[in-house]
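Chemist: Work out the full structure, taking the sequences as your base and the hints as a guide.
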Amino acid sequence: MGNCLSGGISNPEEEKKNKELNKILKDEGQKFKSEIRLLLLGAGESGKSTIAKQMKIIHMNGFSKEELESYKPLVHQNLYAGVKTLVSEAENLGVKIATKKGRAVAKKVLDDDYFASGEINAEMAKDIATLWADGGIQTVYNRRSEFQLSDCVSYYCNEVERLGAPGYIPTEQDVLRSRAKTTGIIETEFEVDGTKFRMVDVGGQRSERKKWMHVFQDVTAVIFCVALSEYDLKLEEDNETNRMSESINLFGQICNSKWFAATSMILFLNKRDIFEEKISTIPLTVAFPEYDGSDDAQAAAGWIAERFQEQNKNRNKQIYAHVTCATDTGNVRFVFNAVKDIILNQALAMSGLQV
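Take the sequence shown: its position 298, counting from 1, is numbered 298 in this note's numbering, and each next residue is one higher.
Where hints are given, some of them may not hold.
Quick list of the computed label-pair ranges, beta carbon to beta carbon [unchecked claim]:
| no. | residue 1 | residue 2 | range |
| --- | --- | --- | --- |
| 1 | Pro289 | Glu236 | 19 to 27 Å |
| 2 | Glu91 | Lys126 | 17 to 25 Å |
| 3 | Gly118 | Trp259 | 37 to 45 Å |
| 4 | Asp295 | Gly330 | 21 to 29 Å |
| 5 | Pro289 | Ala165 | 42 to 50 Å |
| 6 | Asp193 | Asn314 | 24 to 32 Å |
| 7 | Val286 | Ala98 | 38 to 46 Å |
| 8 | Trp303 | Ile169 | 16 to 24 Å |
Hints were generated in silico from the structure; no laboratory data involved. Ideal Cβ placement from N, Cα and C applies to all residues, glycine included.
Modeler: Structure follows, in structure tokens:
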């Protein structure tokens, strides 16, 4: 069965192919008018919605000032929820908050009135910075695989004084890091080199998957997102199932579905940055005892890619795998250009055109 793993490094040959493909699309524009429909699938918190946000940044002139401002409540809510979780888990894990100041802040954080306004102000930002610097809280954070904590928490805590400053307006990076569960179906439409794309994002939690069938028809390609960094984490839904195992099983179901027998299947092995940091201290064997490779991130990511690719039961079907960092606009731009070429080549072939 075919497979291809890309780490996102440009080369002249790919650039040449891209130019040739764009020329064909321009020359054959009247014949090729189909909309490219991309379906984003994957388990919860795999980065699907972040990829959709990147399409807005890369292909839709980004976020307006008003749109950025609209994310402020979500950014502040993500920050507060994460800090409150760390304080609660300190007690659950029996970890003492190290400093007197830290313990005083922790007591305030657990009071529901602390975040009653829904906004982090400058004074609260200083409180949270004090708490984040506490050795006890850092001990709890380092044990985050034992409870549910969003990936955005460390980023927001490190940026907390900026986030709490008067007149704060979220940056694009703040927006990309923000986390809200996707419910229902969200579509993003954009155009690349004269070709229309429609990216369909659906919720990844188990309770949302029953809605997937409604978007399975007329799909040009499936982009299946996996969080590489979640190999040591458990599902939020049951707090028992390993997240990576869940994703592998889910990918097998999607890849071999009758709906996608002739559909391009693209695998985004996402959250590369977090994975590279984690794999140096937490071996892959905590989730996969059979892994006998090194703790090198590239080698471990390649092994994970193989576990997904071996789910493919169709020898004539190729899985195109890319290691990605959905919060890195440059990386997503490059990877999407490669993906675009794969998708358009297939779409052109199905339209009777030759590349």
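Chemist: Evaluate each hint against the coordinates.
Modeler: Do the hints match the structure? See the list:
1. Pro289 with Glu236: 19 to 27 Å: holds, 24 Å
2. Glu91 with Lys126: 17 to 25 Å: Holds, since Glu91 and Lys126 (Cβ atoms, about 23 Å apart) stay within the stated range.
3. Gly118 with Trp259: 37 to 45 Å: Since the Cβ atoms of Gly118 and Trp259 sit about 41 Å apart, the hinted range of 37 to 45 Å holds.
4. Asp295 with Gly330: 21 to 29 Å: holds, 26 Å
5. Pro289 with Ala165: 42 to 50 Å: holds, 47 Å
6. Asp193 with Asn314: 24 to 32 Å: The hint (24 to 32 Å, Cβ to Cβ) holds, given that Asp193 and Asn314 are roughly 30 Å apart.
7. Val286 with Ala98: 38 to 46 Å: Violated, since Val286 and Ala98 (Cβ atoms, about 27 Å apart) do not stay within the stated range.
8. Trp303 with Ile169: 16 to 24 Å: violated, 42 Å
The structure fails to meet hints 7, 8 from the earlier list, while all remaining hints are met.
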